[in-house]
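Asks: Below, each chain spelled out in residue letters.
2 protein chains.
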Amino acid sequence: MPVAPYISDCMASSSFIRKMFEEGIQMKAQFGADKVYDFSIGNPDLEPPEKVKRLLSSLSQSADRGMHAYMPNAGYPKTREAMAAKVSREQGVPVDFSHIIMGTGAAGAMNAVLKAVLSPDNEVIVPSPFFPEYTHYVRNHGGVLKTVQTKSDFSLDTEAIRAALNGKTACVIINSPNNPTGKIYSRQDIANLARVLADHESKTGRTVTLIADEPYREVVYDKREVSPIFPLWPASVIVTSFAKNLSLPGERIGFTAVNPACTDARSMVDAIIFSTRILGFVNAPATFQRVVAECWNEPVDYSSYERRRNSLTSILNAAGIVYAEPEGAFYLFCRVPPRKDGSGGTTDSQTGDEGAFCEHLKKYRILGVPGKGFGKPGWFRLAYCVSQSSIEASRESFIEACSQW
Amino acid sequence: MPVAPYISDCMASSSFIRKMFEEGIQMKAQFGADKVYDFSIGNPDLEPPEKVKRLLSSLSQSADRGMHAYMPNAGYPKTREAMAAKVSREQGVPVDFSHIIMGTGAAGAMNAVLKAVLSPDNEVIVPSPFFPEYTHYVRNHGGVLKTVQTKSDFSLDTEAIRAALNGKTACVIINSPNNPTGKIYSRQDIANLARVLADHESKTGRTVTLIADEPYREVVYDKREVSPIFPLWPASVIVTSFAKNLSLPGERIGFTAVNPACTDARSMVDAIIFSTRILGFVNAPATFQRVVAECWNEPVDYSSYERRRNSLTSILNAAGIVYAEPEGAFYLFCRVPPRKDGSGGTTDSQTGDEGAFCEHLKKYRILGVPGKGFGKPGWFRLAYCVSQSSIEASRESFIEACSQW
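Heads up: the sequence lines are chains A and B, in that order.
Numbered according to my numbering, the first sequence spans residues 1060 to 1464.
Numbered according to my numbering, the second sequence spans residues 1060 to 1464.
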């Protein structure tokens, strides 16, 4: 039974993140879960708020009929209203339920948006380093991903984006706080980007859609805030989920919000609803639509992620690994350290071998993800949404691994 | 914010089923739910088994950590094992968990399979009448849908399928019990189809994948059985869900089973897992994976659908509407009746105007779906998975509508 050659080719060079995650499950079975330091995947270690359990319990006792039936493809009106309240608060502009389309996680929502927007050979600009699944999501719908390097501090290089825009550009995807760098793009950065898109529009007559992928919006440190985009660029949508902030990644619940200020918001909403249907998502899972309608603003204490960040950075400091200080999310993006003889580390002028270093770490039962897939060879990513005890226990392994590198 | 022209075009000629369903919601708000006879959509009126509630309740009280976290893209091993037991029993051949990929409903599973199988311009053969979403599902992945009419009793015309096969054919999709006709393809029909595919393979060296879309497998009448396909054609997969048999369509839970007898089952499983990931499904919703692992063989009494079928057919008989007697599923596929003056009805030699007739029915607050989208102009579909009382209440409206046609 033949597999499509395109899929076979993709699989050959496929996601290191998932490979490491699944390898981690096997290593834990072999060595014991507490002996494997699995920093491979953004699978939040915090449990969902207690209210999720209470809601599930009360939903299970409801006498209402049709709790698990089809509803309109866009989702329950009540859930869409709750999401509109969330987005209105975050964006500082009024958004109502008609601008919300419930989605199957941020990944499902992103695919529905790209399907609605892309024509064959359209280009999608993504600041790099970037979440590697975007490559597939864009190609799924006939588009071409075009990466543009960020500045050395991983902030947006809006002039480089200006240079990358052309007649084929359909959208720009930004992901802030960023996976893998933890960078939050400043309001000034977003305003500059909007200026670049406005210049492009007045020069060419072409409107570029800005897609903000925001699953980490709430997970920020040092009281930082994530800039709104709706007041800054009308042709914009927000794609997000409750995977990271409420620790519900397995339930596939998220949504898209379309900027009411764009001139043809209604047809864009309709197109995303249509795409949600024809891609086979049909609708976001019913029960968790009801859960997030009640839980979206449940307070969550992310300070433990900050403590874990601090613990892991102190270990990396001791081991001699240099990293970018994350402002949000739960990833540390690190340079490959120099070898014992001083050669081979990643610096501003040279690129270390992150594949070899990640293989080396595995010998010490440490799982990290090589940066090449994120568009940044010479670096690797550690996801620290794991238990504090696992981080502490990894100290000697990191130090030993680096001393033997 | 520009919508892709392809999507705008599709939307202009989009699903009557969903349009009618959403129109029905509005009409119910306007006239009262009991005054609208909504036969538009396969949204089961039966409630899920009580065990679903008990499981949700006990899951909500579980002290286990990570109940809502990521798991491997293929799903929980325990759930995959349960599905393997189900498929082994139905197909009469041993299937183990490694041949199962959990999916986001049958629609999600079907998209993942088509993504794994199709190369650009590949053809997919579908016996017609057919579920109209297949058109989109095939196009999503660069394929071309090629319909082949069934015989006058809606059984497979395997010689017509033989004639439609060519070097571009990648797969054949069969849907039994069929939506919209309620037809169950006999074991002999499937065996004949397998023979046609085998002849094609020996002549051209090309293996055509048979995809059986089986969400209605359990919903059958008069003790009929749905034929297995795994013993008959090795290059085959089954796509299904718990939307119709357990009344969970809103939860988006289903799976794909790959025939262990095909020569490269492992690579096909891997390709479907990969497609599930990159299309943005990522994994089937976690909680309902746990629910169906325990509920898949919960007995459900479908006799009420049989009673509803009998009630609705007696009404149609009284109104003078001719239909195909369904063997399974919960749809009646009907001919447009002749007008008062005897003209315009659908017969073997002429095609009535099903669009006009469905519009006419709407005046009597009856919602049905025109057959054109199913590949069969002159016919219309009534989904009778609605309450018995609603069916009974529709009697006078049907009779009045037909007498005024």
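I should point out that these hints are in silico values taken from the structure, not numbers from a laboratory.
One or more hints might be untrue.
Said to hold, decoys possible - List time: in silico SDA-like cross-link candidates among lysine to any residue, alpha-carbon distance up to 20 Å:
# : chain 1 : residue 1 : chain 2 : residue 2
1 : A       : K1087     : B       : P1191
2 : A       : K1137     : A       : G1125
3 : B       : K1137     : A       : E1081
4 : B       : K1078     : B       : T1206
5 : A       : K1094     : B       : G1125
6 : A       : K1282     : A       : T1228
7 : A       : K1112     : B       : Y1129
8 : A       : K1112     : B       : K1078
9 : B       : K1421     : B       : R1398
Claimed, not checked - Cβ pair distances, simulated, as ranges:
#  : chain 1 : residue 1 : chain 2 : residue 2 : range
10 : A       : S1211     : B       : Y1065     : 53 to 63 Å
11 : A       : N1376     : B       : E1109     : 49 to 59 Å
12 : A       : A1088     : B       : Y1065     : 23 to 33 Å
13 : A       : K1078     : B       : A1088     : 26 to 36 Å
14 : A       : E1106     : B       : E1106     : 45 to 55 Å
The structure presented is a predicted model; accordingly, all values stated were derived computationally and were not measured.
Beta carbons are placed, not taken as given, at the ideal position from N, Cα and C, and that holds for glycine.
Asks: Could you run down the list of hints and mark each one as holding or not?
Replies: Now for the hints, and whether the structure bears them out:
no. : hint                          : result
1   : A:K1087 / B:P1191             : 46 Å, violated
2   : A:K1137 / A:G1125             : 15 Å, holds
3   : B:K1137 / A:E1081             : 16 Å, holds
4   : B:K1078 / B:T1206             : 23 Å, violated
5   : A:K1094 / B:G1125             : 19 Å, holds
6   : A:K1282 / A:T1228             : 35 Å, violated
7   : A:K1112 / B:Y1129             : 18 Å, holds
8   : A:K1112 / B:K1078             : 36 Å, violated
9   : B:K1421 / B:R1398             : 16 Å, holds
10  : A:S1211 / B:Y1065: 53 to 63 Å : 40 Å, violated
11  : A:N1376 / B:E1109: 49 to 59 Å : 57 Å, holds
12  : A:A1088 / B:Y1065: 23 to 33 Å : 46 Å, violated
13  : A:K1078 / B:A1088: 26 to 36 Å : 50 Å, violated
14  : A:E1106 / B:E1106: 45 to 55 Å : 30 Å, violated
The structure does not agree with the numbered hints 1, 4, 6, 8, 10, 12, 13, 14 stated previously, though it agrees with the rest.
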